[in-house]
Each structure stands twice: as structure tokens, then as C-alpha cells.
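Residue numbers (the numbering used here), protein chains in the order written: chain X, 1 to 403; chain F, 1 to 403.
Just so you know, nobody snuck in bad clues.
The list treats identical chains as one, so a pair stands whether inside a single copy or across any two.
Keeping only pairs whose Cα atoms sit at most 20 Å apart, straight-line, the calculated PhoX-like set for lysine-lysine is:
{"hint": "1", "residue 1": "K275", "residue 2": "K323"}
{"hint": "2", "residue 1": "K330", "residue 2": "K275"}
{"hint": "3", "residue 1": "K60", "residue 2": "K20"}
{"hint": "4", "residue 1": "K120", "residue 2": "K141"}
Simulated from the structure, these hints should not be mistaken for lab results.
Number of protein chains: 2
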Amino acid sequence: MSIIVQKYGGTSMADSKCIKNVAQKVVKAKRLGHQVVVVVSAPAGVTDDLIRRAKEVTDKPSGRELDMILATGEQISISLLAMAIKSLGEDAISFTSSQVGIFTDANHNKAKIEEINTSKIMKSLDANQVVIIAGFQGVTKELEITTLGRGGSDTSAVAIGVALGASEVEIYTDVDGIYTADPRIVASAKKIHRITFDEMLEMAGSGAKVLHLRSVELAAKNNMPIHLRSSFSDAIGTFVVDEEDENMEQVLVRGVAHTTNNAKITIANIENSSKNIAYIFKSISDHNINVDVITQNYIKKDRMTISFTVSEDEYEAALALSKKLGKDVKAETVYGNESVAKVCIIGVGMKSTPGVASRVFDCLAQSDVEIDMVSTSDINISCVINQKDYQKAVIAIHNAFEL
Amino acid sequence: MSIIVQKYGGTSMADSKCIKNVAQKVVKAKRLGHQVVVVVSAPAGVTDDLIRRAKEVTDKPSGRELDMILATGEQISISLLAMAIKSLGEDAISFTSSQVGIFTDANHNKAKIEEINTSKIMKSLDANQVVIIAGFQGVTKELEITTLGRGGSDTSAVAIGVALGASEVEIYTDVDGIYTADPRIVASAKKIHRITFDEMLEMAGSGAKVLHLRSVELAAKNNMPIHLRSSFSDAIGTFVVDEEDENMEQVLVRGVAHTTNNAKITIANIENSSKNIAYIFKSISDHNINVDVITQNYIKKDRMTISFTVSEDEYEAALALSKKLGKDVKAETVYGNESVAKVCIIGVGMKSTPGVASRVFDCLAQSDVEIDMVSTSDINISCVINQKDYQKAVIAIHNAFEL
Chain X
1 MSIIVQKYGG
11 TSMADSKCIK
21 NVAQKVVKAK
31 RLGHQVVVVV
41 SAPAGVTDDL
51 IRRAKEVTDK
61 PSGRELDMIL
71 ATGEQISISL
81 LAMAIKSLGE
91 DAISFTSSQV
101 GIFTDANHNK
111 AKIEEINTSK
121 IMKSLDANQV
131 VIIAGFQGVT
141 KELEITTLGR
151 GGSDTSAVAI
161 GVALGASEVE
171 IYTDVDGIYT
181 ADPRIVASAK
191 KIHRITFDEM
201 LEMAGSGAKV
211 LHLRSVELAA
221 KNNMPIHLRS
231 SFSDAIGTFV
241 VDEEDENMEQ
251 VLVRGVAHTT
261 NNAKITIANI
271 ENSSKNIAYI
281 FKSISDHNIN
291 VDVITQNYIK
301 KDRMTISFTV
311 SEDEYEAALA
321 LSKKLGKDVK
331 AETVYGNESV
341 AKVCIIGVGM
351 KSTPGVASRV
361 FDCLAQSDVE
371 IDMVSTSDIN
381 ISCVINQKDY
391 QKAVIAIHNA
401 FEL
Chain F
1 MSIIVQKYGG
11 TSMADSKCIK
21 NVAQKVVKAK
31 RLGHQVVVVV
41 SAPAGVTDDL
51 IRRAKEVTDK
61 PSGRELDMIL
71 ATGEQISISL
81 LAMAIKSLGE
91 DAISFTSSQV
101 GIFTDANHNK
111 AKIEEINTSK
121 IMKSLDANQV
131 VIIAGFQGVT
141 KELEITTLGR
151 GGSDTSAVAI
161 GVALGASEVE
171 IYTDVDGIYT
181 ADPRIVASAK
191 KIHRITFDEM
201 LEMAGSGAKV
211 LHLRSVELAA
221 KNNMPIHLRS
231 SFSDAIGTFV
241 VDEEDENMEQ
251 VLVRGVAHTT
261 NNAKITIANI
271 ENSSKNIAYI
281 FKSISDHNIN
291 VDVITQNYIK
301 KDRMTISFTV
311 SEDEYEAALA
321 LSKKLGKDVK
331 AETVYGNESV
341 AKVCIIGVGM
351 KSTPGVASRV
361 FDCLAQSDVE
371 IDMVSTSDIN
381 ISCVINQKDY
391 QKAVIAIHNA
401 FEL
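Starting from the given sequences, assemble the full structure and let the hints guide the process.
So, in C-alpha cells, the structure goes:
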């Protein structure tokens, strides 16, 4: 009998109607002969309400006490789902992460899972029970309650799947899979049936915010297949699998992702020295600003211009800091552009096929989209463009590669 | 340095304003040089909301899963209070009962505390932290989450006080003490400064629903003084102490309590046999109906009439059952009266002073209050009367004994 792990997010647990719907899906899987472990998030709205309560008491809640209050959200979900499943005639039992023994480090609000004790889960599965586990939370060996950070329930589900040797982790969400492009922009976008872990990582890092990045990394590391699907339909979704998966269709480009919440900063005409580069990016990092794409252009022998993108909400802080850094490194000028977008072309097929980048550039040129910055990995070509052009760019590339 | 345990109920934790008020009281006690342990209930409304969520999912939530969801209410309170205290500049740490090790039996929804591990609490107190513990909940040795039943936070506080050898347990509530009679009825009612455990038990069992009965029993058994006081003022409240307490004022009658939610049932003219009595009350008990006052009147040599009171909300069920039982024991008739009240005169002084009962009867007679049933212990005289007369009766007795 195979073990499957199902994970349901907050919107799937929002109210009693949603919870009963989830219970039916769980019972269905159980009656198909699986041993079912369910990982759930807090009901939609509950986590925000708990944070509101904390903020009303203090501006700066301690990490430990914030974890203490946040962990209650998932505890509410597990008990309600256990009740709902029992009322459908199947036995079920809920566990907090403390009860299971989902051990993490002591980094409150962003803990990492270190070890999972499977004995309680296995005992309950062997007693023919559906096992329901609180996602997002963990416990230290000293019984301190921790949380894994927003979206951490995906990671909980994959980690539990790995620990149990599950055949598959099903992640239920409010979309029914990953598409070749955002269907709101490209009407002909198609659902991707299989995508590799690496492609999914690039997609997740490039605007397709469906799966928590850390959960994909963990799944990739342990070769644990993920089935991403909708909790509101029975449709097959997208399987995230290893590149070697025999059912994997070989394509050049898997999909196009994009983000529009980008801003670009340029520090122009500074002395070309690795000392300068190190100084700039160390300072930015010290201010907890995340830099995405970086380009470095040589103007002449010993002069260069540095450009980089940050997320829109860090733009003001990044620009102010860059102006200060610009003075330090004697830049000619420092300027920013709040209105850029990033379009990413992703596919493992690119690794072995040269010329993809030039086809992308060609296609964008034909569509009158000016490319501002480019960054590439062996399975991802990212182009930073004017924000006003992003829809045109996505459609052009989607058509050019016949996705 | 003495340890004090403070307990705050749901109305004291209702919102951020209340919680900040509680934090200030705690900090004040700490700065007076005490080691402070705080036990809290769920914020007012949260427990009801959780029960509503459960009832929306199923009519019959399992006891285990109900405890799982209910325990989150107190977990919310402890973290918020810890945050509030920290923001006032004192260090604080919150613990669930699982983290402390408040071990109970496995009777879900009405568990009994069996053992408390004090090591974590003592370690934190010694580190100069205020320790905040979730009331109402416990954990079995198998890490199953249990709850103690409504009002169980009082019991948690006393049990923790006993385990720590605290000098006192302060129970903060929305009234400022126990009065010689209900101040809404008797304008001249005075706050009782000291009351014995036994008197408090009788008061709590007779309408003064300020302290959970079980908590008083536990305090009495371990001679743990309770200070019952208001969380909305700094006034001294009522101390519940041992009879031997040297500061105890010696009075004949401590106070008058009353309940109006009573109903009376009479099974008239049956054969006088202990078999009949046993049969009737065993059957009633088997139906989970609580009987309060019982009287048995002999009509003639071998015939008797049995009367007893139940709470109003069990009246319908009790009457229907009694009619059936009446047939079984060949009663002449069975009838009920939904409109009775109970007035109780309580005081340890009665033990050594004969004639109190006759003074009560005399005083009621002078006020034209007809006594329907009487039941006495050595510190409590309870009179069942017509419901319409209860205010008159309470005032008359309060005056007669110059309370």
C-alpha cells in the first residue's frame, strides 16, 4: 500500500464548506487504497488575524512569541479536518508538529526542518487512520515551537513525504497547475503536464508563485515527485519530477514566466575594479536588500557601469543607498527606473540546444521590445525590459517557441 | 523571594487594551519583588468561536479533536501577554501545558491534573522571567492534548500554585470579591474580606459562581490561599483561606447565597423502602441529571413522599423520567414546580452555635416566605422557596443576621 501526502493551503481550509470538500478528497484517496497523510495550512484569514492581534499589543513581537501564536492557526485546521473526515465514516487523527516530532533548528519565524520522527504517523497509518499534520510549524528538541516562514506548509508536506518514503506529494491549491505562460496574458497558454524540478525552481523564482521555493529544492534533492493541482476540481494538474522521468516530454522551452514588480538601478562610470563591485554589493546585502539581475558594462579600458534590479518595494531604499555608494566609488551618476519587467524563458532543453538566446532576442526585436538587461543560466534566459512591453514580450516568445 | 500565581480569565484577556492592563498588573507584582507565574484563559469570545467552527463541521466532534482546537485559545492568550509584558521592559516567556508538562489523565474535555513538572517554570523564574502558562489545558504522558472543562483555568492556577509552593494564588475576574449577599438584591451587602475554603465551597455550590468548585477543593486540600479580586481595579478582594487562619474574623453567618434556576419534582405517596429510593435516584443519575436538594416526608407508617430539585434546564427531562419512575414504584401522583428558588445561609460559626436554623425559619415566617424544602450541613442551611419570594428572603436573612 503506497503512502501519499496531500497538502491543502489556507484557501482550501477557509470555512466549513471548504473543509468538508477537502475531507471528501481525502476520503476518496483513502478509499482508492492509499495510506493518506494530510498536511494543512491555517484557514485563510486566521494567520492575518493572529498577526493583527500581536501588532495591536506590540510593534515588535519577539520571534518566539510570534511563533507561539501563529502555530495555533494550523492547529485549528487539523482538528476541524479530522472532525470532518470522521463524520464521513473514516477514522482520522490530528497531530501538531510537537506531537509528531517535526524537529527544526531554533531560528524562529524561519526555522529549518532537521529531523522527522515517523513512528507516531506510521502507527496511526497502520491502524487505518488518516493522519493529519499541522504544516508550517516545527519544534526544537527543547520543545520550543517554531515556524518555517510563509508558505512553509509546502515544505512541511515535502519533508514529511520524504521521511515517510511516500510515492508522491500532492499539493492542492487554488490554481490547477503550471502554465506555459500566464493565462491572463496569453489566451493560448497550455497547462504543463510535467516539469522538471530545475525548471520549476526557475519558474518559482521568476514569477510563478505557486510553489514555495524551498519545498521544490527539498523535493529535487530527494527526488520526491510533486503533483500540483486544484482543490476545487478533480483535474490532473502539473507533475514536478526529475529530469530523468521517463514520461517527461522533451521540449526546448517549457514555459515563459514574468514579473512586473521590478525596478532597476544604475551606478554609471566607475573605476573597473573587483574591489568596487564587492563594496557595492556587500553594502546592499548588509542592508537586507535582495538584488536579482546584475549586469556590468565596460565603457572603456578601466571604467564600467553597474546595473541591477531589485523588487519594487525595496526601490526607494535601494536608490537612496546606491546614491551614497555612488559617491563613495566616485560614480559619474546614479539613477533608477521604477518601471521595468522581467521575462524569463525556461526549459532544460536549452542546455543541449545552442541558439535559443539569439532566437529570443530576435523575436523581441521583431516585436519592438527593447532589451535592457540579460541574465542567463543553462536553463533560463531572463530579459529585463520596459514594464509597458511585458505583455507583448510574453506573447511574442510564447508564439515564437510554439508553446 | 515568594512565588505568586496570578490567574486572569477571558474577560481580562478580551482585547489588546485588556491584555496591556493585565501586563501592567503583572509587572507591578514583579517589581514588588515577587516571582510571578501567570495563568490565563482564552480571550473572551475565542472559545465560543472555536466551538462554532467545530459545530459547523460536525454535530458530534470527538472529544480528542475538540480538545485539540480548544487548546489554541489559551495559546493565543499566553503569547499576547508575553509580548505585552516584554514591551513594558520585563522579560517574559509563555508555555503551553505540553511544554511545561501539566500531565492529566486521558479524559478529554474533563481531564484531571495528575502531575506538574516544575523544572521549566523554576528555571525561567530563576532567570528573572515572568512565566505565563496556558490554563484550562493539559497533556497526557503520550502527548495527547486534553482540557479540564469550562472554568478549568482556576484549577490550573491552583494546581500550579500548589506544585510551586506559591505563597498565594490570585484569581482576577470581573467582580471584586465575594459579598455577604448579591449586591444587586441587597444594597447593604458588604464585601467579605476572608472566607474559609469550606464556606467558599458552599457559596460556589449555591449560586456564587465566581470560583470554579474544583479549584476551591484543590486549594482547600492543599491549604493554598486564594485571593479573589478584580482585574479592573487595585482593590483588595476576598481571601479564601483555611479556617485556622489567624486573621479570620469569627462570625456566625458569612453570607447568603441564592439560585433561581431551580425546579422541584415530587413523587408522592410511595412505599417507604430504601429500595425505592435507590431505584429512583440511580435511574436519575443514569440519565445524567444532577439532583440538588432531596427531602423525604413520611406520610404514615410505611408510606412516604420524595421531593428533589434539579436545575431548570434539566426540568423537562427530569419530569418525564420521574413520571415513568412514578409508575414503576406505584406513586399516587408525580408533579413538578418550575418556579422555585434556593436561599442558602453559610457560615462556619454555625457549627458551634445551635439555633441558627430556627432563627432562619423564624425570620422567613415573619416575612411571609413559605419554606418548601430544607437541607442542612454543619455550615449551610438551604431553603427551597417560591421563586417569587427569593429577594424578600435574601433581604430578610441578611438583615436578621446583621451582615
